[in-house]
Amino acid sequence: MGLALMTTLTLKMQPAQALLVLICTYVGAIYGGSRSAILLNIPGTPASAASCLDGHALARQGQAGRAMGIATSGSVLGTLIGMFFLALFTPVLGELALKFGAYEFFWLTVFGVVISGTLTGNDPLKGWMAGFLGLFVAAIGQEGIYAFERFNFGNRDLAGGIALVPALVGAFGFAELLAVMKARRLPVKINPFDTVIPKLVDITRHWKTILRSGCIGTFIGIVPGVGEDIAAWSSYAAAKRASKEPEKFGKGSIDGLMAAETGDNACVPGAVIPVLTLAIPGSAPAAVLMAAMLIHGVQPGPMIMIQSPQFVYDVVAMMMFATIGILFYGLTLTKLMTRVLQVPQTVMVPIILVLCTVGSFAIAGRLFDVWVMLGFGILGFILKQLNYPMAPLVLGIVLGDLMEKSLRRGLVLSDGSLAPFFTRPISLVIWVIIALIIALRFDAVRALPRRLVAALAR
Amino acid sequence: MSAETETTESGGTEIEVSPRADLISAFVWVAFGLAVAIASWRMDRLESQGATPYTAPGLVPGILGAIMVLLGIMLAVRAARAGGHRLGATPWLPSAGGRAAMARAGWVLVMGLLYAAGMVGHGGIPFWLATFIFVTLFILLFDLRARAAKDETVKGIVLAIAVGAGTAFLVSYVFQELFLVRLP
Chain P
11 MGLALMTTLT LKMQPAQALL VLICTYVGAI YGGSRSAILL NIPGTPASAA SCLDGHALAR
71 QGQAGRAMGI ATSGSVLGTL IGMFFLALFT PVLGELALKF GAYEFFWLTV FGVVISGTLT
131 GNDPLKGWMA GFLGLFVAAI GQEGIYAFER FNFGNRDLAG GIALVPALVG AFGFAELLAV
191 MKARRLPVKI NPFDTVIPKL VDITRHWKTI LRSGCIGTFI GIVPGVGEDI AAWSSYAAAK
251 RASKEPEKFG KGSIDGLMAA ETGDNACVPG AVIPVLTLAI PGSAPAAVLM AAMLIHGVQP
311 GPMIMIQSPQ FVYDVVAMMM FATIGILFYG LTLTKLMTRV LQVPQTVMVP IILVLCTVGS
371 FAIAGRLFDV WVMLGFGILG FILKQLNYPM APLVLGIVLG DLMEKSLRRG LVLSDGSLAP
431 FFTRPISLVI WVIIALIIAL RFDAVRALPR RLVAALAR
Chain E
15 MSAETETTES GGTEIEVSPR ADLISAFVWV AFGLAVAIAS WRMDRLESQG ATPYTAPGLV
75 PGILGAIMVL LGIMLAVRAA RAGGHRLGAT PWLPSAGGRA AMARAGWVLV MGLLYAAGMV
135 GHGGIPFWLA TFIFVTLFIL LFDLRARAAK DETVKGIVLA IAVGAGTAFL VSYVFQELFL
195 VRLP
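Quick mapping for you: the protein sequence lines, in order, are chains P and E. Its first residue numbered 11, the first sequence is counted upward by one per residue in my numbering. Its first residue numbered 15, the second sequence is counted upward by one per residue in my numbering.
Bound conformation, chain E alone (with noise of 0.2 Å):
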C-alpha cells in the first residue's frame, strides 16, 4: 500500500487532501457549472420545431450544471471553514519525494499519448513496431536505473526488448487473428 492511501473500516482508501486544494478544485467546479449553464441557457430552444420549455435540449445539461454550481459552493465553503483559505497553510510545492511520484505519473501520460495518439493514430508506423517501441521505451525508462543500480543493465535491456517483441506480436496476433479485429 502507498504512503498516503490506507484502507480504512469505513470502506475504500482515503486520500489526504489539502482544504486548499479542494477549495481551488471547487472553483473549478463552480466556473465549469455556470459555464454548462449559461451554454444550456443560451441554447436553441427549437420552439420553432414546437419544442415546449420542457422539451427544449438545454433543460437537462442547464440544471446539471446548477446543481454542480451548488455543489461547487459547499465544497468552497467547507473547504474554506477548514482554513483552505489560507494561502501559506500547507506547502505549494510538495515533498521531494511526492514530486518524484507526479514525475512518474506524468512520464506514463507522455509515454502513453505518444504511443496512442502519436505513433498508433498519426505517425505511419505500422501497430507492431510502434507497441514494440512503446513497450520497451516504457520497460527501460522506469525499470533501467534499478536495475543498473544491481548491475543487472544488460539483463534489463534484454528483458525490455523480449517483453517489447512479444507483446507486440501476441497483441496483434490474438486481436487480428482470433479476435478478429481492425487496429489501428
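The following block holds chain P by itself, in its conformation from the complex (with noise of 0.2 Å):
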C-alpha cells in the first residue's frame, strides 16, 4: 500500500530519484512491518505474520528491545544477502532470458499468476480465479496489435485501459482502508521497551538461520509471483526443523524470529530479480515497484543487460541505500515511530484516503482514475471477505498484457500450432511445473504415488 502511494507521489521527480524513494520505501516497509508484530501482535505489512510468533513472545518477556534489534539485525543482514545475489544473479539470469521466446514468456506469465494464487492466501482454488481475474482485467481496452477497443461499452476512457497504478492504489489501499475501518482497532497498549541495539551474540550465534534464510528468502523472490510472507514462512520453518530446540519456536525463539526477518528481507533483492531480467515481477509490491519503473520510462527486460547494464547496479546502489537507512532508523527513531502507532485509526484513514484519491488523481490529471482506484478499492474489499488473495488478483493485472502478447506472437510465430508451447525445451519445463502445481492441488493426484506404491507390491 505504502509503495503504491509513494508511486503517486513520486511522479514527477527525476526517474533516477523516484526510484530510490521507492526501493526505499519498499525495503523499509518490509522491515518496518516488524514494529507492529513484535509491539502489538499485529504483522504491519502480511511480511511480517511470521515475526509475530516469537517477535511479540519476547515482548511479553519484556525483551521488545532486544526483539526489535534481533529484527533489525536480520533484516539488514537479510537485505545484504539478497543484494549479493540480486549482483551475481542478474546478469546470469539476464543471459538466459535472451534464450527466452513469445512461448516461454507465455508460460512464464501463467506459472506467476498459478503459483502465486497456490502460495498466497489459503485456498488456491480462489487465488488463481483473483489471477485470472486479475489477466482479465488487462485485457480490457484496446488490445495490442489491431487496437481493437474491447470491454468498454462506449467508453473512451475505459478504452485506453486500466491503468495500473490506480488498480494498485485502489486493490492494496482504499481495499485495506474499508477491512481496517470494518474490523476497527482499538487504542492499543505497547509494551515498554529498553534499548533496541542489538547484541553482537545474538548475530553471532545465529549466523547459520541467518545465511539459510537469507538464500531461501533470495529464492523465493526470484519465483516470479511469490513474495516476502512465502519468504519468512519458508525461512522459519526451514530454521525449526533445523534447530535444536524447536520446542522454544512461538514462545520467544531467537532463532525463529531471526529467520523470519532474514527471509522476508532478503527476498526483496530476490523479487526484483525477475522485474530487471524478465518483466515479470517476484513479489506483489515487486509488481507495483515495475509498474513504477515503466511509468518513468524504464523498460525492464531480457533487453536491460544489453541496453542499460548500468541500471541493474544502480539498483543494487539504491538497495545498500535502502539497507543503511533502515539500520540508522532502526537503531534511532524506533521509540519516535511506536508514537505513530497510537494515532487512532479514525484520524489515519481519512488522510490516506485522501492521499489515494490525490495520488490517483496525479498520474495523468483525470478523474476516471480516481473512479478506477474506487472501484478497485471495492472489488478487492469484496474479494477479501470473501477470503480471494490480493496479490494474484495484481500479478494478473501486471502481467495480463505480457501473456496476451507472447500467446498470440506464439500462434502466429508456430502458423497455429500449440506444439512449440509443449516441445520446446524450457516451455516444456515450466508448462510441466505448472501442471504439477495444480495437479498436487487435488487429493486423488496425491494419493496416487502412494497407490502406485501399495498396488507394486502386492
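Since the hints were made in silico from the structure, they are not lab data. All residues carry an ideal CB built from backbone N, CA and C; glycine is no exception. There may be inaccurate statements among the hints.
Here are the in silico distance ranges between beta carbons for each label pair [unchecked claim]:
| hint | chain 1 | residue 1 | chain 2 | residue 2 | range |
| --- | --- | --- | --- | --- | --- |
| 1 | P | M330 | E | A53 | 45 to 51 Å |
| 2 | P | L98 | E | L128 | 50 to 56 Å |
| 3 | P | A454 | E | F41 | 47 to 53 Å |
| 4 | E | V188 | P | D425 | 54 to 60 Å |
| 5 | E | I87 | P | T214 | 53 to 59 Å |
| 6 | P | P435 | E | V188 | 49 to 55 Å |
From the two separate chains plus the hints, produce the assembled complex.
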C-alpha cells in the first residue's frame, strides 16, 4: 500500500530519484512491519506475520527491545544477502532470458499467476480465480495488435485500458482502509521496551540461520509471484526443522524471529531480479515497483543487460542506501515511530484516503483514474471478505498484457500450432511445473503415488 | 487483531467464509465468466483486416472467460459439498457486531465516494475546502461518540477541525508546490 501510494507521489521526480525513494519504501516497509508485529502482535505487512509468533512472545517476556534489535540485524543482513545475489544473478539470468521467446514468456506469466494463487492465501482455487480475473482486467481496452477496443462499452476512458497504479492503489490502499475500519482496532497499549541496539552475540550465534534464511528468501523472491510473506514462513519453517530447540519456536525463539526477518528482507532484492531480467515481478510489491519503472521510462526485461547494464547496479546501490536507512532509522527512531501506532485509526484513515484520491488523480490528471481506484477498492474489499487473496489479482493485472502478447505472437510464429508451446525445452519445463502445481492440489492426484506403491507391493 | 481473522502458521490471515457465501460467489463467477466468453465469441474477428483466428481480439479474453467458468463450477461443487446449498444452515443476517462492522465499512465507502467523486470531481468546490470538510466530517462521524462518552466532546471537535485543516493545507501545498502535481 505504501509503495503504491509513493508511486503516485514521486511521479514528477527524476526517474533515478523516484526509484531510490520507491526502493527505500519497499525495503523499509518490509522491515518496518516487524515493529507492530513485535509490539502489538499485528503484522505491519503480511510479510511480518511470521515475526509475530516469536517477536511478540519476546515482547511479552519484557524483551521487546532485544526483539527489535534482532529484527533490525536480521533485516539488514537479509537485504545484504539478497543484494549480493541480485548483483550476481541478474546478469546470468539476463543472459538466460535472451533465450526466451514468446512461448516461454507465455508460460512464465501463467506460472506467476498460478504459483501466486497457490501459495498466497490459504485457498488455491480462490487464488487462481483472483489471478485470472487480474489477467482479464488487463485485457480491457484496446488490444495490442489491431487497437481493437474491448469491453469498454463505448467509454473513451475505458478504451485506454485500466491504468495500473490507480488499480493498485485501490486494491491495496482503499480496500485496506475499508477492511481496517470494518475491523476497527481499539487504541493500543504498547509494551515498554529498553534498548533496541542488537547484541553481537545474538547475531554471531545465529549465523547459520541468517545465511540459510537469506538464501531461501532470495530464492523465493526470484520465483515469479511468490512474495515476502512466503519467504518469511519458509525461512521460519526451515529454521525450526534445523533447530536443536524446535519446542522454543512460537514461545520467543531468537532463531525463529531471526529466520523470519532475514527471510522476508532477503526476498526484496530477490523479487527484483525477475523484474529486471524478465519484466515479471517476483512479488506483489515488486509488481508495483515494476509499474513505477515503466511510468518512469525504464523498460525492464531481457534487453536491460544489453541496453543499460548500469541500471542493474544502480538498483543494487539503491538497495544499499535502503539498507543503511533501515539500520539508521531502526536504531535511532524506533521510540518516535511507535508513536505513529498510537494515532487513532479514525484520524489516519481519512488522511490516507485523501492521498489515495489525489495520488490516483495526479498520474494523468483525469477523474476516471479516481473512479478506477474506488472501483478496485470496492472489488478488493469484497474479494478480501470472501477470502480471495489480493496478490494474484495484482500480478494478473501486471502480467496480463505480456501474457496476451506472448500467446498471440507465439501462435502467429507457429502458424497456429500449439506444439512449440509444449515441446520447446524451457517451455516444457515450465508447463510441466505448472501442471504439477495444479494437479498436486487435488487429493486424488496426491494419493496416486501411495496407491501405485501399494499396487506394486501386491 | 480483529475477532474474525487470525494469523496461521501456513501463512497469511484466515477469514471464515460460509459455504453458502462461496456458493453465491461461485454463481457470480460463472455468470461473469460466461458473459466474458460470450462477448469475446461475438467480438469482431477482424477477418477483413487479415486477422487469423489466433490473432482475433476475442481469443485471450474468451479463454480467460472459459477458465473463470470452469473455476467457478469447481468452487460451486466444493461449496455445495460443504453444505452451502442448504439455505437455512447459517443465519442470513450477520450478528449485531457484524452488522455494525459492515455499517462502518459502508460509511467509509459513502464518505469516500462523496469526497472523491462528488466534491473533488464535480462539486465545483476548491480542493482544499473539499478535503477539509471530508477529513473533519470523517473524524467527527467515527470518533465523536466515543469522545462524548468520555466527556471529551469539545476536544474531539477541536481535533477533527485541526486535523482537517492541517491535511487540507499540507496536501495542497506539498502536491502543488513540491511535487508540482495539478490538483483536481
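Tested hints:
Between P/M330 and E/A53 the beta carbon distance is about 50 Å. The supplied range of 45 to 51 Å therefore holds. A C-beta distance of roughly 52 Å is found between P/L98 and E/L128, which places it inside the suggested range of 50 to 56 Å. At roughly 25 Å, the beta carbons of P/A454 and E/F41 sit outside the given window of 47 to 53 Å. Restraint check, E/V188 to P/D425: a C-beta distance of roughly 56 Å satisfies the suggested window 54 to 60 Å.
Checked against the hint of 53 to 59 Å, the C-beta distance between E/I87 and P/T214 comes to roughly 56 Å, which is consistent with it. Between P/P435 and E/V188, the C-beta spacing of about 53 Å keeps the proposed range 49 to 55 Å intact.
In this structure, only the earlier hint numbered 3 is contradicted, and the remaining ones agree with it.
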